[in-house]
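Colleague: Protein sequences, first through last, are from chains A and B.
The numbers in numbering that gives the first Met the number 0 rise by one with no breaks, and the one at position 239 of the first sequence is 238.
The numbers in numbering that gives the first Met the number 0 rise by one with no breaks, and the one at position 353 of the second sequence is 352.
Hints listed in this document are in silico derivations from the structure and should not be mistaken for laboratory results.
In this text, all values refer to a predicted model and were calculated from it rather than measured experimentally.
A portion of the hints provided could be inaccurate.
Any copy will do: because identical chains look the same in the list, a pair fits if it lies in one copy or spans two.
Cross-link-like lysine-lysine pairs, in silico, DSSO-like; alpha carbons within 27 Å at most [unchecked claim]:
| id | residue 1 | residue 2 |
| --- | --- | --- |
| 1 | 42 | 296 |
| 2 | 113 | 49 |
| 3 | 113 | 30 |
| 4 | 184 | 68 |
| 5 | 220 | 322 |
One-letter residues, chain by chain:
2 protein chains.
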Amino acid sequence: MENFIAYNPTSLHFGKNVLNNLGTTVALFGKKVLLVYGKGSIKKSGLYEKVMFQLNEVGAKVFEYSGIKSNPIIDDVNAAAEIGRKNNVDVVLAVGGGSVIDSAKIISIALHVKNDAWDFFEYKIKPEKASPLIAVLTLAATGTEMNPYAVVQNPKTGQKPGYGGPLMYPKHSFLDPQNTFSVPKDYTAFGIVDLIAHSLEAYFGKGDATLSDKFVFATIKEALEFGPLLMEDLNNYDLRAKIMYAATAALNGLNSYGRVSGDWGVHGIGHSLSVLYDTPHGASLSIAYPAWLKLQKDRIPERIEKLGFELFNSESVDDTIYKLEYFFKLIGSPTRLSDIGINIETEKELIYENMKINKVNGANQKLTGPDFLTLIDLMDAE
Amino acid sequence: MENFIAYNPTSLHFGKNVLNNLGTTVALFGKKVLLVYGKGSIKKSGLYEKVMFQLNEVGAKVFEYSGIKSNPIIDDVNAAAEIGRKNNVDVVLAVGGGSVIDSAKIISIALHVKNDAWDFFEYKIKPEKASPLIAVLTLAATGTEMNPYAVVQNPKTGQKPGYGGPLMYPKHSFLDPQNTFSVPKDYTAFGIVDLIAHSLEAYFGKGDATLSDKFVFATIKEALEFGPLLMEDLNNYDLRAKIMYAATAALNGLNSYGRVSGDWGVHGIGHSLSVLYDTPHGASLSIAYPAWLKLQKDRIPERIEKLGFELFNSESVDDTIYKLEYFFKLIGSPTRLSDIGINIETEKELIYENMKINKVNGANQKLTGPDFLTLIDLMDAE
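Assemble the whole structure, with the sequences as input and the hints as a guide.
Modeller: Right under this line is the structure:
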């Protein structure tokens, strides 16, 4: 086992009507609130009103930035930070899914610098300070609600890198599974894929950590057991709750303690698809993971076998990959490029070039140029 | 799933030579340090010297309180708090196992009141403030290094209650598995029993929390898999590390999120044995758990069956209990009162009376007076 520091200061408020404590929690940090959200789905769902009620109750002064895209871009981060700086806000309140919360994390550090926020991603500057961030989560998927990482896209450069640091944990995150009832079927499935992928990135990472491996199996098994039931019953509170908590647990540190690092090669592949085709993150991962496993099956057969035995009582690598792929299909997430309308004949070169630009690689399982080509073919295989 | 707040602010520094950062970490909180430890085993092992070196390096002024007993008593807590108050210490540094750290938690809140510290346990006073607590753990067992609970005994009243609150998390805990090399074989086994028992108390608690159940299985399986190997190889770093981290994970919240509460009935039974006979905590639990499961087997057969299936691939309640008991024996922990020299003929009444005084009960599985008598018999059965 590798040395590690287990530290996660986020308070996660989980359950029915936890938003009743949102106003008083925000007020702990000040009166001037920068409210960040997406393209208005929280207005349709009624969540916006609930949040505003909470903020008004404590006399908060609210400055809004809306329009964060589902693959969030750095321009929105800069624009929101500008509003926050101008109005000298005390606290950032993110209401939405991973893209909104990830953007808000970068906003919370960008508030304290004059630079373009992209400078963080290029390590030109380091954050010295962050405004307190409070998150209200509406989508069970990325785990950003209880970790210090953010992924943001730069449309100019075609990059979608991750960034993180101890200042970037939300102080408080509010997770009411009822707020995920309005997530449509496809995005519900993509969220399930995402939480499985996060667990797998940890599992295929560097370093031997047997208890963390067992937590990985636990988290994925929760998704395998209850994901398909949720797909048939989208307004079931308890099923929404199980998947929502599993998504948090998949990337709050638990799956990684005692390892050098996760792998994250598959996320790199997925990010390339998202940058090029605006493919939803989870959809890109259900295409990339089976291909990656097929590439790795002769390189790390024992590791894949162990996974298959624990998850599926499966005894072979091929059977393990087949069953994971079958699960993705079962919940309705794509597993081939053709499923999302990408024609490999015309697109292969473009995907390959973007994988190079994005420096797609794994921290543990190194990927080479020839691997990129194999992966693209495998993402298109029969 | 029940509503919950997942919050654990402790920084857990885990691994080889993490004590190299002890001095600078203590210095974050001030210069005057109340150092609390046990009966001198840290002097024999050389750990005392290492700690003092770290403290001297940062120019700390150290006030010592030694002599905390392995079932810690309130008198030591009061005496240590008196030294801390008199010298106006900035930070409490606990070096030892669960008893030392539990005592230090109460000391850290007692420093700020003039009362007898027992008043906290009787809810006569509430802590308003705590001095920062830093822990250096030398025994993998109780999980106190990453939770806000303490158990302390009152020899005058024969009680051994628990107490806890958000002020009582250690700020930092340092876990170097090398510091557990000197733990003798029997106490190594008792620690393994303790971590299993903590996981089971969560599992048999109130409320349906499927992912937390899976984390329980993961943690116990880690102990079942590596505990016996460690018993044969006490100086194996990696095995010590696995058991040490499992003991932390067993009681840092993870096994409980989404439940109303754990059960803790078995701990109550164990505490009675410890109060009466100074039985090591883990030893009392390996005697009490099989008896408790036998009492419960017709009351909650499905819950026990599910556990047995996950842990042992076992299909019956009796087989599950047999296998757990067999495991405790295998690692050398007692499973009957007679194993620790208690003669039920002469002691039955005394144990029964103490169980009444200590109000032994479970939060989920209620225990009655007749249950006490059955349990005592079962702890003595062939």
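Colleague: Take the hints in turn and mark each one as holding or not.
Modeller: Structure-based check of all given hints:
Neither within a single protomer nor between protomers do residue 42 and residue 296 lie at most 27 Å apart by alpha-carbon distance, with minima of 46 Å and 52 Å respectively. In this assembly of identical chains, residue 113 and residue 49 lie within 27 Å of each other by CA distance neither inside one copy nor across copies; the values are 33 Å within and 46 Å between. With identical chains, the CA atoms of residue 113 and residue 30 are at most 27 Å apart within one copy only, with a shortest distance of 23 Å there and 38 Å across copies. Taking CA atoms no more than 27 Å apart as the test, residue 184 paired with residue 68 passes inside one copy only; the shortest distance there is 19 Å, against 58 Å between copies.
For the homomeric pair residue 220 and residue 322, the shortest alpha-carbon distances inside one copy (13 Å) and between copies (25 Å) are both at most 27 Å.
The structure is inconsistent with the numbered hints 1 and 2, although it conforms to all the rest.
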